[in-house]
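4 protein chains.
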Amino acid sequence: MPITPEQRAEIDRQRSQEAATRRATVPALEAILYEPITVLDHGFVRVIDYMGDDSAVVQAARVSYGRGTKKVSEDSGLIKYLMRHRHSTPFEMCEIKFHVKLPIFVARQWIRHRTANVNEYSARYSILDREFYVPAPEHLGAQAVVNRQGRGDVLEGEEAASVLALLRSDAEAVYAHYEEMLNGREDGTVIDPSRQGLARELARMNLTLNYYTQWYWKIDLHNLLHFLSLRADPHAQYEIRVYAEAMLDVVKRWVPAVCEAFEEYRLGGAHLSRTGLSVVKRLLAGEPVTQEASGLSKREWRELMESLGRAE
Amino acid sequence: MPITPEQRAEIDRQRSQEAATRRATVPALEAILYEPITVLDHGFVRVIDYMGDDSAVVQAARVSYGRGTKKVSEDSGLIKYLMRHRHSTPFEMCEIKFHVKLPIFVARQWIRHRTANVNEYSARYSILDREFYVPAPEHLGAQAVVNRQGRGDVLEGEEAASVLALLRSDAEAVYAHYEEMLNGREDGTVIDPSRQGLARELARMNLTLNYYTQWYWKIDLHNLLHFLSLRADPHAQYEIRVYAEAMLDVVKRWVPAVCEAFEEYRLGGAHLSRTGLSVVKRLLAGEPVTQEASGLSKREWRELMESLGRAE
Amino acid sequence: MPITPEQRAEIDRQRSQEAATRRATVPALEAILYEPITVLDHGFVRVIDYMGDDSAVVQAARVSYGRGTKKVSEDSGLIKYLMRHRHSTPFEMCEIKFHVKLPIFVARQWIRHRTANVNEYSARYSILDREFYVPAPEHLGAQAVVNRQGRGDVLEGEEAASVLALLRSDAEAVYAHYEEMLNGREDGTVIDPSRQGLARELARMNLTLNYYTQWYWKIDLHNLLHFLSLRADPHAQYEIRVYAEAMLDVVKRWVPAVCEAFEEYRLGGAHLSRTGLSVVKRLLAGEPVTQEASGLSKREWRELMESLGRAE
Amino acid sequence: MPITPEQRAEIDRQRSQEAATRRATVPALEAILYEPITVLDHGFVRVIDYMGDDSAVVQAARVSYGRGTKKVSEDSGLIKYLMRHRHSTPFEMCEIKFHVKLPIFVARQWIRHRTANVNEYSARYSILDREFYVPAPEHLGAQAVVNRQGRGDVLEGEEAASVLALLRSDAEAVYAHYEEMLNGREDGTVIDPSRQGLARELARMNLTLNYYTQWYWKIDLHNLLHFLSLRADPHAQYEIRVYAEAMLDVVKRWVPAVCEAFEEYRLGGAHLSRTGLSVVKRLLAGEPVTQEASGLSKREWRELMESLGRAE
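Chains as they are written, first to last, in full-length UniProt numbering: chain A, 1 to 312; chain B, 1 to 312; chain C, 1 to 312; chain D, 1 to 312.
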């Protein structure tokens with residue numbers, strides 16, 4: 001359970017408040033507003049606020065004086081046109097704000113996307129909670145051999161057990177020492193009144209990178225889709241991909257027409273290199289082509305054949 | 001009148017629609033939502049959408065699970081603290097979207113602020129309207145002599161009349177030729193069916209820089225305040241300053257506590273240089289200080305004395 | 001001739017100075033440093049400074065303590081890998097600074113790329129030169145009918161002559177009035193000593209959008225390539241495309257291995273949509289596919305067939 | 001010693017190479033190019049490359065065809081003018097690239113500055129070194145009581161010894177387990193051939209936040225100065241401030257005139273709030289003002305009196 005009863009009550013209180021607005025409103029997103037969507041063992045994604053909807057993209061593209069929309073089919077045709085031709089500015093006219101709880105090592109990857117606004121929980125100011133990530137056994141991947149930057153098979157048996165035990169015991173040990181150095185606990189109590197306690201900004205350095213942090217993260221739709229195209233991708237590390245997938249579901253609720261265009265023109269397609277394109281042309285002309293004669297490396301050849309559904 | 005009856009009707013239609021939302025809502029801003037605020041002779045600023053309110057700043061600063069606010073006085077104390085100590089990230093958690101109609105030469109200054117999202121009316125795709133800016137007589141400033149980058153006295157008499165006549169007649173002449181080259185008019189009619197008409201993307205180059213363009217412009221509160229601190233400043237050109245002032249009024253409606261802190265810690269104060277600070281210290285110590293002995297240039301000295309209310 | 005003899009002398013003086021440096025240096029780029037490359041009738045692109053070379057990409061990707069390079073083939077393999085997998089950060093480690101002279105309507109498109117540093121010639125402070133763009137007859141495109149945002153056939157005969165005459169005479173007229181309002185000329189002389197002259201920041205609004213402006217423009221290699229992929233594209237307006245093409249030639253001199261990877265994986269390839277990819281798979285499987293049965297619009301079908309070299 | 005003999009040799013090799021260039025060159029910066037400047041116990045800052053010098057600021061501000069400089073006094077006057085009036089774009093025309101080795105918790109603060117280019121050492125791809133930060137005894141600050149976000153007195157005696165012992169033993173323990181989980185060591189050897197080893201991207205989560213990471217970090221001068229104004233400030237955490245101070249020394253070598261203007265108009269001055277300014281005016285008018293009657297909070301009053309050298 002990633003949230004406490006007190007937090008649950010705060011969320012419920014906020015969900016219970018309603019006001020009238022003239023702004024573009026999306027009932028399907030209102031339905032889940034503020035609700036934590038569980039990710040990993042203690043993490044979550046919550047939508048805190050949003051601006052705009054599918055029509056807001058159309059309205060901006062037409063620089064309209066009113067709602068800007070015409071028939072639904074024309075609007076969705078325009079959205080597809082914009083996505084296809086990389087006219088990104090109308091998609092920047094929608095904005096969304098998330099509250100995210102995530103392990104620090106995931107936060108370190110995530111923050112590399114610079115086009116968002118971020119407000120992180122301060123471990124200089126506050127004491128971090130005793131919450132750390134331990135992978136589920138089925139995600140305990142071994143180091144991949146070919147792709148030095150990925151995972152291979154799942155560890156099993158004694159090796160898996162030993163890894164999980166180390167992760168848990170180290171996380172617990174460093175937290176106990178964190179509190180000891182602080183001379184204080186999460187709940188604000190003091191351990192030893194005769195001591196001063198190390199500054200929080202220093203003590204935090206004793207925590208491991210699987211400890212959870214939290215932030216408010218706000219981004220426009222165009223940059224969110226760019227983030228999702230990189231992080232909902234199979235090459236992304238599993239622990240960030242699950243956050244991206246949760247947010248992709250949110251995008252579907254929020255701007256379904258944009259999401260459909262995104263899946264058609266970005267996520268679901270394939271990018272051919274110049275040489276890859278010439279291979280496809282030769283194959284279509286009925287010419288036999290081998291990897292050796294293709295001009296592609298073995299890896300590129302294999303990936304091209306896979307994307308064409310021709311894996312041998 | 002910057003808008004047509006058709007545009008007025010579109011705006012009224014949009015204003016008449018209301019929905020229920022769980023999001024942070026600001027009645028004082030809802031009251032003017034979509035309404036054009038007139039600026040210059042044909043320009044306007046309209047608020048199209050917004051995200052957040054004063055409390056959203058507090059909520060993000062506290063990385064809260066609920067509304068995040070405490071007593072009003074505590075919240076406004078926190079906002080002042082954040083503004084004073086340049087903790088800018090919580091202010092980035094509010095966002096606003098404007099529809100702006102403005103002369104092209106103003107747009108060229110405005111766009112230099114890179115941290116906004118912009119979607120401009122396309123003169124490659126559409127025909128621009130026959131609307132251009134002519135300064136009111138009281139803003140027809142002569143070239144300043146000391147400050148090469150500003151205005152001095154207002155032009156008068158025959159010189160003023162001549163300038164206004166030239167601006168008007170040139171703007172009208174280039175527009176007539178614009179339509180002639182396009183072989184088409186604003187209303188979509190064709191002038192001479194035997195001609196093809198020049199591409200819009202080329203014909204537009206015949207228009208003068210006082211023609212109006214329009215855009216949707218979206219920005220977070222922190223960057224908006226930065227924009228306003230530069231453009232609502234007396235050193236800014238009058239024609240962009242009036243837009244900044246109109247937006248500052250919007251900010252007051254939207255986030256009054258933030259606006260108050262902004263006026264206290266940014267707009268209304270003074271920045272002293274290292275040397276200027278030492279002058280103030282010496283003056284406070286009762287020491288007589290002259291410009292010559294101050295280490296400040298004449299201009300810096302004059303500006304310091306002015307900001308200290310000691311203009312001789 | 002886009003530059004004056006005085007400017008030529010300044011450039012020659014700067015080109016004649018040499019110093020020793022330990023920094024990465026590219027002789028092929030040094031050879032053209034500071035030299036204007038003519039674009040359009042009065043415009044140019046000049047390389048003013050640069051940071052890094054092909055090896056700097058490799059060095060950053062390896063977070064190296066030294067030069068970071070291994071064998072040339074390994075380095076270029078790594079560069080290809082980075083480009084293919086959209087690892088963009090190492091390409092951001094190279095930077096280039098241009099001095100560009102360009103028509104204002106081109107500058108207005110160009111500036112929409114926000115990830116660059118720009119310092120523009122100030123028409124608030126200085127008087128603009130009497131230089132404006134007039135298209136060569138072969139670029140005088142008519143408005144395209146299908147693509148509302150482009151050019152069709154070239155205008156001919158009397159219509160072309162009339163357009164060119166209007167562009168020239170209007171540009172000349174507005175400039176004469178610009179000087180008259182300023183009560184001053186390019187060379188600094190005063191026209192009528194009994195007049196004050198309108199402020200420069202106002203008078204400039206009387207110029208047409210084909211007047212030339214200038215700026216220093218500095219950008220990292222990753223963002224430059226993104227700019228070039230959009231602006232060296234056939235869909236870009238001719239008048240900005242020629243600048244992009246000139247800069248692409250500069251990139252070839254500067255970082256040849258990066259440029260080759262860019263042409264292989266970005267410029268020269270094709271992006272297939274999800275539906276487009278399924279069409280290719282069906283064709284490769286020997287299945288006959290028609291536009292009607294493809295799920296693609298007519299336009300998408302035509303573009304796919306063209307990119308596959310199967311234009312009917 | 002933050003670097004190994006192999007790294008030292010690589011650096012020396014790179015330092016020994018020289019080439020001729022027409023670019024702006026700064027001998028005082030060339031002198032230390034590539035040299036590590038030690039920071040903290042195992043960290044460093046190295047200048048890898050730079051673009052521009054003091055004159056490059058002037059050249060861009062004048063949009064010059066040549067070097068753009070006039071007399072040294074005029075140039076430095078222009079630089080002061082630009083700094084004073086917040087004309088930031090000419091300062092963006094200089095760029096610098098650093099290689100930085102720093103503890104992860106420092107990197108997490110640093111990366112919040114979004115206007116830089118960053119390429120970090122990948123712990124998905126490589127094994128991190130066994131290097132972690134332990135504060136020197138004189139920097140072992142206790143938690144501050146008034147300022148919840150800072151340090152108070154230095155810990156002493158047994159409490160200090162205990163903290164240092166915990167930091168060291170935990171860092172060593174987690175590293176030993178990191179290697180055990182990886183089934184591999186820094187030097188590439190395998191621990192137990194019968195095991196697979198956990199993926200690097202997972203094992204790294206067991207390291208504490210005081211482990212060192214490294215990155216290439218590239219930024220323009222304007223944004224660097226902004227970074228330094230926040231991070232070379234007494235309110236910044238000591239562990240990032242020392243990096244900022246090392247970089248400020250680099251800036252002094254690189255662009256001495258800019259650095260002087262920065263110290264005069266940014267670092268060395270004071271910003272008065274609207275109320276603070278009115279207090280100063282009243283004091284200068286000889287009026288007695290107390291905190292209670294000032295309109296300032298106690299803390300603001302104390303800070304104002306301190307900056308005016310009137311601390312009671």
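A hint or two may mislead.
A pair holds if it fits inside one copy or across any two, identical chains being indistinguishable in the list.
[As the list claims (entries may be wrong)] With a straight-line cut-off of 27 Å between C-alpha atoms, the simulated BS3-like cross-links for lysine-lysine are:
1. K298 - K71
2. K281 - K71
3. K70 - K80
4. K80 - K298
In short, the hints are calculated from the structure, not lab data.
Indices of hints not satisfied (ascending): As far as the earlier hints go, only 2 is violated by this structure.
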